[in-house]
Amino acid sequence: MLSILRMWSTSLLSKTSSSSFYKFMDSSSNGGRSQSPRLLTLAQHLRLYKPPPFPTDEEDDEESSCNSGGKVVSQVGFPESATPIAQRFRPKKAAVLICLFEGDAGDLRVILTKRSSNLSTHSGEVALPGGKEEEGDKDDADTAKREANEEIGLDPELVNVVTVLEPFLSKHLLRVVPIIGLLHDRKAFKPVPNPDEVEAIFDAPLEMFLKDENRNQEEREWMGEKYLIHSFDYEMEHKRYIIWGLTAGILIRAASVVYQRPPAFMEQNPKFKVPPVLSKDNVMG
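All residue numbers in the sequence shown are consecutive under the numbering used here, ending with 285.
Think of the hints as simulated: they come from the structure by calculation, not from any bench.
One or more hints might be untrue.
To be verified - Below, a list of computed lysine to any residue pairs in the SDA-like style, where the Cα atoms sit at most 20 angstroms apart:
#1 92 with 174
#2 171 with 244
#3 211 with 245
As the list claims (entries may be wrong) - Label-pair ranges, simulated between beta-carbon atoms:
#4 265 with 135: 11 to 21 angstroms
#5 37 with 224: 49 to 59 angstroms
#6 92 with 238: 36 to 46 angstroms
#7 217 with 53: 28 to 38 angstroms
#8 220 with 188: 37 to 47 angstroms
Every residue gets a Cβ at the ideal spot worked out from N, C-alpha and C, and that includes glycine.
Construct all of the structure, not just a fragment, from the sequences and the given hints.
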């Protein structure tokens, strides 16, 4: 797997990452269909990735009945293996799509959105396409692709799902499952933002989430434990985006898996013991 990672790193070091998403979508090489040997090899290797084991909902019930320590989850921006869950806590589920494609400069890029300023929660923030599980969704990948279709007009048939990352917990303790997919027909994707949910669609180089450039961090405390919130300052086509919190944490993990190296900064993933009964007083700030 290191060979494909070296190939990506060499490409990223030798070429700039200034190509825009819309220019990329208009490219006509190979009729817009990605036949890149890099992407094909990357897909093969990512399918071999196995996230740390985490129990299913059925295992949650069984474990809660005999062990108040419960299963392991994460908190905002941290992988789910970080934290023992307390008895009776079963978070609602959601999934996000980490949709990757090869940019004009040969770099690996990820599709992101800026949420509508009219939304009641997380308005104006940068996010990955995704949302809560709905009845009829076959699995987490189905949830992520359905939501991406609703939010940005991404046809599920254009996405080749290659792996699933370990779940994260959002700030309001919603379990979020990151799905990595490759855009296999880039020309066929015509971004259409849902005005009720999405203000803008853009892309960013995945490797930037491993670098200590244009990054800030803020130390916070919850349930007696300190942790770091990471944020990345990113500019594209004279527009500035701040990528932080849960989205930044998920992309740090995704980049670490794809490039098989840790970030050039400390993540500080603490261990929290989630209380058995959640209330507005113990939801993360």
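A quick look at each hint next to the structure:
1. 92 with 174: holds (5 angstroms)
2. 171 with 244: holds (12 angstroms)
3. 211 with 245: This hinted pair holds, its Cα atoms lying about 16 angstroms apart.
4. 265 with 135: 11 to 21 angstroms: Once the Cβ atoms are compared, 41 angstroms apart, the range 11 to 21 angstroms for residue 135 and residue 265 is violated.
5. 37 with 224: 49 to 59 angstroms: holds (50 angstroms)
6. 92 with 238: 36 to 46 angstroms: holds (38 angstroms)
7. 217 with 53: 28 to 38 angstroms: holds (29 angstroms)
8. 220 with 188: 37 to 47 angstroms: holds (42 angstroms)
When held up to the earlier numbered hints, the structure conflicts with hint 4 and nothing else.
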